Amino acid sequence: MVDLWSGLAQAFWLVVTLDGELVEIALRSLRVTLSALAVACVIALPLAAFVAVKRFRARRFVIAILNALMGLPPVVVGLIVYVFLSRSGPFGVMGLLFTPTAMIIAQTIIIVPLIASIAHQSIRDLWQEYHDLLISMNVTQGQKIRTLLWDCRRALLTAALAGFGRAIGEVGAIMIVGGNIDHATRVLTTAIALETGKGEFALALALGFVLIGLAVAVNLAIHWLGRTEREGAW
Amino acid sequence: MELFPMQARGIESRRHGQVLVGPVDLRLEGQGACVVIGPNGSGKTTLLRLLHGTARLSAGQIDWACSTEEARHHQGFVFQRPVMLRRTVMENLAFPLRLRKVPAGEARARARDWAARVGLEQMLERPAPVLSGGEQQKLALARALISEPKVLFLDEPCAALDGRATREIEEILTAAKSTGTRLILSTHDMGQARRLADDVLFLLGGRIHESGPAETFFNRPETPQARAFLRGDIVE
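Going down the list, the sequences are from chains L and C. Mapping of the first sequence onto this note's numbering: position 39 corresponds to residue 39, and the numbering continues sequentially without gaps. Convert by adding 1000 to the 1-based position in the second sequence; the result is the number in this note's numbering.
Simulated from the structure, these hints should not be mistaken for lab results. Since the model is a prediction, treat every value here as computed from it, not as a measurement. Glycine is no exception: its CB is placed at the ideal position from the N, C-alpha and C atoms.
Only pairs whose alpha carbons sit at most 25 Å apart, straight line, appear in this in silico SDA-like list of lysine to any residue:
no., chain 1, residue 1, chain 2, residue 2
1, L, K54, C, R1100
2, L, K54, C, H1073
3, L, K198, L, G179
4, C, K1150, L, N138
5, L, K54, C, F1079
6, C, K1177, C, H1073
7, L, K198, L, T17
8, L, K54, C, R1086
9, L, K54, C, L1099
10, C, K1101, C, R1112
11, C, K1177, C, G1053
12, C, K1101, C, G1180
13, C, K1150, C, Q1007
14, C, K1101, L, R146
15, L, K198, L, T99
16, L, K54, C, T1068
17, C, K1101, L, V139
Facing chain L, from chain C, some residues (calculated, C-beta under 7 Å):
no., residue
18, T1054
19, R1072
20, F1077
21, F1079
22, V1083
23, L1085
24, R1086
25, P1096
26, L1099
Given the sequences, and given the hints that come with them, work out the whole structure.
Pasting the structure below:
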């Protein structure tokens, strides 16, 4: 309990004094997570819309796989990405291992199925509602997908936020592919793991509180920008 | 480009081996309003969907005076329960035009014009899904008419509306008819059928039981079933 209060006080102090190292780690966490989120959304949202509107033989199988991959173990993802990016791996020449790019790749792989699955549910429901109208308007497949993505944007925001939450709290995969290198690949979660290992519980808790604050702030900011509550009726 | 005459030959719709509509042979010319009437389950909605192309033909074929693709491009469909895009009234109206690559400014101007025609000009920035049933149906009608279709299919467009909203919808339909849009609508409302119809298709058991000019059908129906239906008797 003493550690908890001490952690809170330390977190407050770190934030108030704008501790250089904390700012660096927090900004890197945000940069890596938001980059992974952007890449994942570009892949997952059109994929979800395509699976929702297109009838093809393996459709149910693809949906089942997407749902199953939501529970993808991050450590395994980290390990696979590590193998691919290591010197002896197929992408070793690119020299990406132990860089923020490797961390972005790992996080993207982890959150694509999550975002795609949640988005698919919402887009499928909207497609049922819009089906007759869009078919009667003779729209192309591309117009159909664009219309559904745009009109479903608030639900898709929720899917993206779920992906953000998973990514920013992720530690196993990015520890493996990033290496937790000071001033290079250290982010809030790996720093927390490191401080806990050193027995610095108060500092680890302080970083934890900062992480929570950051996640809540980004969620609120995205909700505010997306006007989720103001126009929630439709 | 001419869509009519439209010729349907032996068209059928089957589901799980059961015939829902057909076989139907039909020739439609390009003027006025064709009203499809018949008891529940007689296949009115399915026939409209087959003609429009939103339901697959199980058999037969439909020939327009132009290619099927071009014909689809010049058609509109208004559903019994209007489908509202989760957008404003303005965006709903401009939607079909934007699909056809009409510049945004022109699309908005035409949307404003159509909103005024159907009495929705004060609601342009309101979300369409929160409008009343009558307002939604007027919006759906304006959205279908804004791209100036040569033929407009309407599936019981006034089914859930009160008298005033029905009158407003009928005024819009009469205006559309007078500007050359061919109307093909199904209805349960015999008063509406009499007010709007130029010709009538009477469906029974998925087939056209009787058809002809509205004046003849309503005053001198040929078959006992049509006479019974017009009297308000139960016809099966």
